[in-house]
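Residues 594 to 725 in the numbering used here are what the sequence shown spells out, letter by letter.
It is worth saying that the hints were derived from the structure and are not from the lab.
None of the values given here were measured: they were computed from a predicted structure.
Some clues are possibly wrong.
[Unchecked claim] Estimated spans, in silico, between C-beta atoms of each pair:
(1) LEU714 <-> ARG605: 34 to 42 angstroms
(2) GLU648 <-> ALA602: 23 to 31 angstroms
(3) GLY615 <-> SER710: 53 to 61 angstroms
(4) PHE600 <-> VAL639: 16 to 24 angstroms
(5) ALA601 <-> GLU648: 39 to 47 angstroms
(6) ASP670 <-> LEU721: 24 to 32 angstroms
(7) VAL639 <-> ARG610: 17 to 25 angstroms
(8) GLU648 <-> ARG722: 33 to 41 angstroms
(9) TYR720 <-> PHE600: 38 to 46 angstroms
(10) ARG708 <-> GLY621: 48 to 56 angstroms
[To be verified] Calculated pairs, SDA-like style, for lysine to any residue (alpha carbon to alpha carbon, straight line, at most 20 angstroms):
(11) LYS633 <-> GLU644
(12) LYS681 <-> PHE669
(13) LYS679 <-> ALA601
(14) LYS661 <-> LYS623
(15) LYS660 <-> GLN637
(16) LYS679 <-> ARG659
(17) LYS679 <-> THR597
(18) LYS660 <-> ALA646
(19) LYS681 <-> ARG596
(20) LYS623 <-> HIS638
(21) LYS628 <-> HIS638
(22) LYS633 <-> ARG622
(23) LYS679 <-> CYS697
(24) LYS628 <-> ARG613
(25) LYS636 <-> LYS661
(26) LYS660 <-> LYS623
(27) LYS691 <-> LEU663
(28) LYS660 <-> ARG596
(29) LYS681 <-> ALA656
(30) LYS660 <-> GLU598
(31) LYS633 <-> ASP619
Idealized CB from N, CA, C, for every residue including glycine.
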Amino acid sequence: MTRTEYFAAYQRRRRARFKRAGLCMDCGRKARPGKTYCRKHFKQHVDYARERAAENRRKGLSAPERKKALASLNIFDGRCPICGRKAKRPCVDHKGKKFRGIICSRCNVGLGCARDSIRVLKSMIRYLRGNR
Numbered sequence: 594m595t596r597t598e599y600f601a602a603y604q605r606r607r608r609a610r611f612k613r614a615g616l617c618m619d620c621g622r623k624a625r626p627g628k629t630y631c632r633k634h635f636k637q638h639v640d641y642a643r644e645r646a647a648e649n650r651r652k653g654l655s656a657p658e659r660k661k662a663l664a665s666l667n668i669f670d671g672r673c674p675i676c677g678r679k680a681k682r683p684c685v686d687h688k689g690k691k692f693r694g695i696i697c698s699r700c701n702v703g704l705g706c707a708r709d710s711i712r713v714l715k716s717m718i719r720y721l722r723g724n725r
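Generate coordinates for the entire structure from the input sequences, incorporating the hints supplied.
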């Protein structure tokens, strides 16, 4: 079991425990009936979910691409395949708006600055090797 799978299972068990007790997962107060958050925190979590959905729509990810994104997150154990740092968000091709994988924000910015060009990236590598 990967770390990501273990954490997801832990969160499911934790959510079920709080829901059975009728308590908010964030503050421990009485939760809304059938929910895992009190009125204050429920609004925060709904807003967060809406924000993430809007971000996916802005990036143009369809439902199958989101599934592909989650699968790639599990393959690399939640790590960026380029640098190994923790990665959270899907990376979208800056030109074609197609899903490319899940990488960290620094690597995504680097690819964007290089205009997704292999030629530019190769010249950057030559520059780095020449200045050592």
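Structure-based check of each hint:
1. LEU714 <-> ARG605: 34 to 42 angstroms: 40 angstroms, holds
2. GLU648 <-> ALA602: 23 to 31 angstroms: 26 angstroms, holds
3. GLY615 <-> SER710: 53 to 61 angstroms: 55 angstroms, holds
4. PHE600 <-> VAL639: 16 to 24 angstroms: Given about 22 angstroms between the Cβ atoms, the range holds.
5. ALA601 <-> GLU648: 39 to 47 angstroms: 20 angstroms, violated
6. ASP670 <-> LEU721: 24 to 32 angstroms: 28 angstroms, holds
7. VAL639 <-> ARG610: 17 to 25 angstroms: 21 angstroms, holds
8. GLU648 <-> ARG722: 33 to 41 angstroms: Because 37 angstroms falls inside the window, the suggested range holds.
9. TYR720 <-> PHE600: 38 to 46 angstroms: At roughly 40 angstroms between Cβ atoms, PHE600 and TYR720 fall inside 38 to 46 angstroms, so the hint holds.
10. ARG708 <-> GLY621: 48 to 56 angstroms: 49 angstroms, holds
11. LYS633 <-> GLU644: 17 angstroms, holds
12. LYS681 <-> PHE669: 11 angstroms, holds
13. LYS679 <-> ALA601: Holds, at about 16 angstroms.
14. LYS661 <-> LYS623: Since the Cα atoms of LYS661 and LYS623 sit roughly 37 angstroms apart, the hinted pair is violated (cutoff 20 angstroms).
15. LYS660 <-> GLN637: 25 angstroms, violated
16. LYS679 <-> ARG659: Since the Cα atoms of LYS679 and ARG659 sit roughly 18 angstroms apart, the hinted pair holds (cutoff 20 angstroms).
17. LYS679 <-> THR597: Cα-Cα ~11 angstroms, so holds.
18. LYS660 <-> ALA646: 14 angstroms, holds
19. LYS681 <-> ARG596: 14 angstroms, holds
20. LYS623 <-> HIS638: 16 angstroms, holds
21. LYS628 <-> HIS638: 11 angstroms, holds
22. LYS633 <-> ARG622: 10 angstroms, holds
23. LYS679 <-> CYS697: 6 angstroms, holds
24. LYS628 <-> ARG613: 10 angstroms, holds
25. LYS636 <-> LYS661: Status violated; Cα separation ~29 angstroms.
26. LYS660 <-> LYS623: This hinted pair is violated, its Cα atoms lying about 34 angstroms apart.
27. LYS691 <-> LEU663: 15 angstroms, holds
28. LYS660 <-> ARG596: Answer holds: LYS660 to ARG596 is near 18 angstroms, not above 20 angstroms.
29. LYS681 <-> ALA656: 17 angstroms, holds
30. LYS660 <-> GLU598: At roughly 15 angstroms apart (the allowed maximum being 20 angstroms), GLU598 and LYS660 satisfy the hint.
31. LYS633 <-> ASP619: 10 angstroms, holds
Against the hints set out earlier in the document, violations occur for numbers 5, 14, 15, 25 and 26.
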